[in-house]
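*Asks:* Chain by chain, the residues run as shown.
There are 2 protein chains.
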Amino acid sequence: MEAIFEPRSVAVYGASRDERKLGHVLLRNVTTGGFGGRVVAVNPGAAEVLGLPAVPALEEPVDLALVSVPAAAAQAAVADAARAGCRAAIVLASGFGETGEAGRAVEQRLAALAGEAGMRLVGPNCMGVVSRHGDGWLNGSYFWRLPEPTPRNPHPRVPPAERGGWSPAISWGPRERPGGVSLVSQSGAFGGMFFAEARRRGLGVARFLSVGNCADVTESDALEWLAGDGATAVVGLFVEAFQDGRRFVAAAERCEKPVVVLKAGKGRAGARAAASHTGSLAGRHGAARAAFARAGVVEADTADDFFDALQALAALPRAGRCVAVLTISGGPAVLAADAAERLGLRLPPPGPATVRLVRELAPPFAAAGNPIDLTPQCPPEGFPPAIAAVFDDPAFDGVLVVNCGLDVPEFGRGVAAAARRTGKPVAAFVLDVPAVEAELAAAGIPVLGSPERAAAAYAAVATR
Amino acid sequence: MEAIFEPRSVAVYGASRDERKLGHVLLRNVTTGGFGGRVVAVNPGAAEVLGLPAVPALEEPVDLALVSVPAAAAQAAVADAARAGCRAAIVLASGFGETGEAGRAVEQRLAALAGEAGMRLVGPNCMGVVSRHGDGWLNGSYFWRLPEPTPRNPHPRVPPAERGGWSPAISWGPRERPGGVSLVSQSGAFGGMFFAEARRRGLGVARFLSVGNCADVTESDALEWLAGDGATAVVGLFVEAFQDGRRFVAAAERCEKPVVVLKAGKGRAGARAAASHTGSLAGRHGAARAAFARAGVVEADTADDFFDALQALAALPRAGRCVAVLTISGGPAVLAADAAERLGLRLPPPGPATVRLVRELAPPFAAAGNPIDLTPQCPPEGFPPAIAAVFDDPAFDGVLVVNCGLDVPEFGRGVAAAARRTGKPVAAFVLDVPAVEAELAAAGIPVLGSPERAAAAYAAVATR
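Chains A and B supply the protein sequences, listed in that same order. Per the working numbering: the first sequence ends with 472, consecutive numbering throughout. Per the working numbering: the second sequence ends with 472, consecutive numbering throughout.
If you are wondering where the hints come from, they were derived from the structure by calculation, not from laboratory data. Heads up, some of the hints might be wrong.
Here are the simulated distance ranges between beta carbons [claimed, not checked]:
hint, chain 1, residue 1, chain 2, residue 2, range
1, B, T40, A, G238, 53 to 59 Å
2, A, G59, B, P387, 41 to 47 Å
3, A, R112, B, T471, 37 to 43 Å
4, A, P387, B, G238, 41 to 47 Å
5, A, R254, B, R262, 35 to 41 Å
6, B, G359, A, E124, 42 to 48 Å
7, A, A361, B, E56, 45 to 51 Å
Stretch by stretch, here's where chain A covers chain B in the computed footprint (C-beta under 8 Å, at least three residues) [said to hold, decoys possible]:
hint, segment
8, 198-211
9, 308-316
10, 349-357
11, 377-390
12, 448-462
Please read all numbers here as calculations on a predicted model, not as lab measurements. We put the CB at the ideal spot given by N, CA and C, even for glycine.
Please put together the full structure from these sequences, using the hints given.
*Replies:* Right, here's the structure in full:
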């Protein structure tokens with residue numbers, strides 16, 4: 009598995025000089041992503057591709073062979089990589105098990121070939137690997153046609169359209185972002201969603217592996233390796249059908265890092281669409297759900313929930329379920345409170361000291377319950393002490409912050425200072441308040457896209 | 009009610025020369041929003057405010073009096089407006105019924121004063137009104153402190169941070185955007201969310217009314233008027249507690265336009281927070297939900313759902329529940345299919361003619377079920393005929409489109425042409441595909457933020 013995520017040398021089978029070919033895109037991604045190791049282009053028809061000398065077959069082994077040739081030619085490429093003594097191969101082509109019995113047989117031959125040579129095999133029918141490598145990235149992945157890259161978004165929450173910056177070169181450096189979020193996905197396209205959300209939210213990405221049809225390497229193999237990976241802090245998995253549900257649950261149980269799962273194909277049509285991945289747990293998701301809960305896996309219901317949970321778990325400590333909703337915006341805060349209760353969080357009333365201080369600092373029409381609504385008419389200098397009182401209140405394990413349109417820096421500073429001092433987790437929904445948002449961002453506080461999603465983000469870090 | 013939404017003349021009580029005062033912000037909003045009618049500043053202590061002559065009391069009536077004075081001074085201002093013969097007044101100040109019994113008594117006196125003079129009263133404790141007026145806007149609303157305006161977003165779906173462009177002047181022209189979406193809100197802050205989402209999604213706004221404590225004008229009054237309003241195509245309501253649930257349901261039943269409701273305060277903490285608005289339906293939302301369903305009201309569970317539904321209903325015709333998921337992105341399309349089934353949509357298989365054409369045009373590993381996955385390897389010229397076949401298929405009332413990362417214009421053009429030709433509704437989730445997105449936007453096809461939200465948007469226009 010180390011050869012997949014941390015190879016020192018890579019070969020690209022199918023490296024092409026034709027820009028329209030996927031093998032060209034893949035080689036360009038590998039060579040421009042910042043990968044510092046050795047790269048070999050394998051192409052029997054060319055002496056050189058993208059400035060690299062090309063060979064017709066591998067002469068000495070590499071750690072990782074990326075196989076980007078049509079399905080019919082994949083077997084020869086895998087055989088060549090196995091013969092040369094490569095440690096792992098990723099087969100990116102489609103047209104195997106997902107097309108039916110004949111394809112499945114070819115897929116099994118690929119896995120057998122690799123297995124006999126002691127080589128791990130990822131895929132086929134996948135998008136490859138993206139992995140931190142020193143100061144850069146190994147971008148061993150491709151999309152059919154690359155969209156136009158645009159400048160990097162300077163602001164995480166409401167970004168400009170960033171189109172395809174993740175490829176050919178990942179558009180952010182390894183030291184820019186915190187987080188260490190890794191994704192294992194049975195869908196390649198879901199990887200595109202992951203990179204788009206990572207950019208939009210400012211998540212630090214550690215590893216991405218598209219496992220496709222899982223002929224050899226499964227989601228459980230990847231999870232087991234990532235559990236011990238120093239670059240990974242949180243693991244996300246997009247799964248259409250588990251290859252071995254029991255093994256996965258056992259791996260998740262052993263993993264000391266937060267694990268978030270999005271299971272697709274729970275409906276009849278969805279299961280039909282995911283039919284090429286018929287795993288043991290598919291079709292009886294009730295049992296899986298209970299097993300996940302026992303193993304401490306955070307299960308997301310939607311893609312938004314999934315990315316919200318990854319963002320929260322990358323940024324916040326785990327804490328209890330008693331939460332304060334702290335706001336100057338009545339209606340949106342009520343939405344946050346509703347959502348928090350729906351998600352099993354508790355909203356106890358504040359203690360008497362907090363109530364006294366809110367009454368002292370905020371206008372008479374402020375609400376000192378929970379939600380605690382300081383109102384926009386609270387004098388700016390009143391915010392830091394009132395906010396500090398809420399964070400200090402032993403009734404609360406953490407805080408949900410909601411602010412629509414009151415761009416008073418003291419509000420953001422009060423939240424940031426109290427969060428730092430108390431170490432209590434805080435998730436926020438803010439709108440039209442650039443100064444407040446800058447204070448929250450500097451303190452690493454996740455800002456979500458709606459009041460309900462701020463509540464869901466908190467729920468992801470809440471312990472029982 | 010016409011005097012509230014379509015006044016020809018407006019007075020601003022509390023118009024102040026002090027930029028930090030809300031009365032200053034309000035008068036600036038009214039005078040710079042593009043309102044073409046007469047504006048009178050009422051301020052006993054100044055001869056002129058913002059270049060307008062100020063009067064100590066109204067000398068002749070206006071259609072609408074905007075009252076922006078502290079709670080203690082509101083009664084005198086309302087009495088003055090009533091004496092002068094104004095048709096309606098909006099009291100924006102806080103500090104009334106939401107603070108307890110004493111405040112409720114003052115609120116009732118305001119309503120009685122207005123009632124005796126035959127004047128309608130909106131609020132108190134509200135954010136005012138925003139309404140189309142000729143080529144401009146009446147922006148009779150305020151926020152405590154205005155955020156910095158930034159340039160208008162040229163692209164609806166993934167916009168740059170636009171901060172507060174809606175105020176002091178609404179940042180888009182009345183003819184730029186289709187839609188005619190109107191919002192009635194018991195929360196002022198939720199109005200900020202509405203304008204932010206309208207900008208982000210490119211929704212055309214017709215009217216916004218913040219009804220606050222509903223001392224006289226209620227959400228039902230507003231709904232009844234908007235039902236007959238030529239500028240309004242879709243009505244959204246944010247409600248914490250219904251003033252008269254039966255009347256609201258009856259009004260919704262009579263309204264021929266789509267009505268979307270977001271009910272806040274359904275949880276215990278939320279209901280506590282909304283306690284100043286104790287309406288008859290609060291606390292027994294199960295009954296309300298059933299009544300809404302019978303009246304054809306679309307009930308949203310979250311703010312995201314609410315805005316998704318408004319966007320879909322503003323853009324798409326109503327149609328049946330049988331939907332095709334059309335994609336080149338397997339995993340995200342399975343999420344759309346799962347969500348569609350959860351929401352009660354049906355995903356029948358395509359007819360034999362469609363299957364035949366997909367088999368002909370797309371690669372062998374394409375999926376001709378539902379989802380219909382043409383795969384990124386489908387030749388560009390294959391998209392328009394394959395897409396046309398899906399739209400023409402009588403099995404489908406409408407289509408969900410999912411495309412992550414394949415920016416082939418033929419795909420977008422195929423969808424736009426087939427949607428125009430067949431008139432079937434289509435909602436999309438697309439990612440990193442600017443050319444495709446431009447084709448969809450030009451055809452007025454709503455693009456949502458996730459596969460599940462595209463499904464939810466379709467569900468909002470689906471009839472039983």
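*Asks:* Does each hint hold? Answer for all of them.
*Replies:* Here is what the structure says about each hint:
1. B:T40 - A:G238: 53 to 59 Å: holds (56 Å)
2. A:G59 - B:P387: 41 to 47 Å: violated (30 Å)
3. A:R112 - B:T471: 37 to 43 Å: holds (42 Å)
4. A:P387 - B:G238: 41 to 47 Å: Given about 45 Å between the Cβ atoms, the range holds.
5. A:R254 - B:R262: 35 to 41 Å: For R262 (chain B) against R254 (chain A), whose Cβ atoms are near 58 Å apart, the range 35 to 41 Å is violated.
6. B:G359 - A:E124: 42 to 48 Å: holds (46 Å)
7. A:A361 - B:E56: 45 to 51 Å: holds (49 Å)
8. 198-211: holds (count 5)
9. 308-316: Coverage by chain A holds here, the residue count being 3 at a Cβ distance below 8 Å.
10. 349-357: Held - the segment 349-357 of chain B has 3 residues with a Cβ nearer than 8 Å to chain A, which meets the minimum of three.
11. 377-390: As far as the segment 377-390 of chain B goes, the hint holds, because 7 residues have Cβ atoms under 8 Å from chain A.
12. 448-462: holds (count 5)
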